[in-house]
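There are 2 protein chains.
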Amino acid sequence: MAVRKAASDFAWEGVGRLPYKEADGVPFKAISRQTLFSDPRLSGELRYFEIEPGGFSTLERHAHMHGVIILRGGGQCLVGAEIHALSPYDLVTIEPWTWHQFRAGRQEPLGFLCLVNSERDKPQLPSTEELAVLRANPAVARFFDES
Amino acid sequence: MAVRKAASDFAWEGVGRLPYKEADGVPFKAISRQTLFSDPRLSGELRYFEIEPGGFSTLERHAHMHGVIILRGGGQCLVGAEIHALSPYDLVTIEPWTWHQFRAGRQEPLGFLCLVNSERDKPQLPSTEELAVLRANPAVARFFDES
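Protein chains in written order, with my numbering: chain B, 12 to 158; chain C, 12 to 158.
Worth flagging that the hints you see were computed from the coordinates, not collected in a lab. In this text, all values refer to a predicted model and were calculated from it rather than measured experimentally. Just so you know, not all the hints are guaranteed correct.
Said to hold, decoys possible - Some but not every residue of chain B turned toward chain C, in silico, with C-beta under 7 angstroms:
#, residue
1, A41
2, L53
3, S54
4, M76
5, T104
Unchecked claim - Chain C side only, calculated, beta carbon under 10 angstroms to chain B, not exhaustive:
#, residue
6, M12
7, S49
8, V79
9, C88
Claimed, not checked - From chain C, some residues computed to sit far from chain B (all C-beta separations above 10 angstroms):
#, residue
10, K16
11, L29
12, I42
13, T104
14, P107
15, Q135
16, A143
17, F155
Just so it is clear, CB atoms sit at the ideal spot from N, CA and C, and this is done for glycine as well.
Just chain B, with the same shape it has in the complex (with noise of 0.2 angstroms):
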């Protein structure tokens, strides 16, 4: 099929939204992913993340980059030791094995594409020590604790 026509609030012909991920035991709230390109003749994935408002994505690191373009409300996201207001069309690179959280306002969704590649490794969570580092951060503790 060669176009997948748009439907109405980010959605698309035969691209099934499905929930972000599975196991149990990992922190996130209220985010759908629709994987929109992943083919074994491309060897880059996208995907489209929709976080509904106070929602977040879950806090993590890994080996592999991720190019995120945001096209749809607004929120925040933690990369390393930062934290960046976003709008709609802000690119965001997350560096090999950089801390990250994306974060949609109280007030609307946050919505993104995201770029990854096909073969990567799967993510690490934050120990509780690394976490303790990462809240010593007063702004990072408070972008923690914002919703």
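Since the structure of chain B is provided, determine the placement of chain C on it from the hints.
Just chain C now, kept in the frame of chain B:
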């Protein structure tokens, strides 16, 4: 730089707006390219193309695939022998060795993201004979003659 903010009108901090192709004799009109993500650690690249009203991309084919998502405006694309109307967020998959061309509408630009493999072959242009075969389809001939 973790975050590159979007400027107005689909431009980005630190991203150059480049002419589409520099080779002489390649037929295209009123199109610019911005490379949003290209990195040795990413096996895919994400580029933003924008075609001005009445403009079009080169008619070409190649071994590599394209994964396209429309971001703004509207127009049409030829994929193989089929013509598709395009609206924001539509997804277009260009299979290997498929002739393809994008055309903006007369009154609006056509802006889209294009995912490709970082390592890819050079596009082929149609020979006179191949162009005649494509033009033998009246709908395709109308598409070529529209602007």
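Now the hints, each set against the structure:
no.: 1; hint: A41; in the structure: violated (21 angstroms)
no.: 2; hint: L53; in the structure: holds (6 angstroms)
no.: 3; hint: S54; in the structure: holds (4 angstroms)
no.: 4; hint: M76; in the structure: holds (5 angstroms)
no.: 5; hint: T104; in the structure: holds (6 angstroms)
no.: 6; hint: M12; in the structure: holds (7 angstroms)
no.: 7; hint: S49; in the structure: holds (9 angstroms)
no.: 8; hint: V79; in the structure: holds (9 angstroms)
no.: 9; hint: C88; in the structure: holds (8 angstroms)
no.: 10; hint: K16; in the structure: violated (5 angstroms)
no.: 11; hint: L29; in the structure: holds (16 angstroms)
no.: 12; hint: I42; in the structure: holds (19 angstroms)
no.: 13; hint: T104; in the structure: violated (6 angstroms)
no.: 14; hint: P107; in the structure: violated (7 angstroms)
no.: 15; hint: Q135; in the structure: holds (17 angstroms)
no.: 16; hint: A143; in the structure: holds (23 angstroms)
no.: 17; hint: F155; in the structure: holds (18 angstroms)
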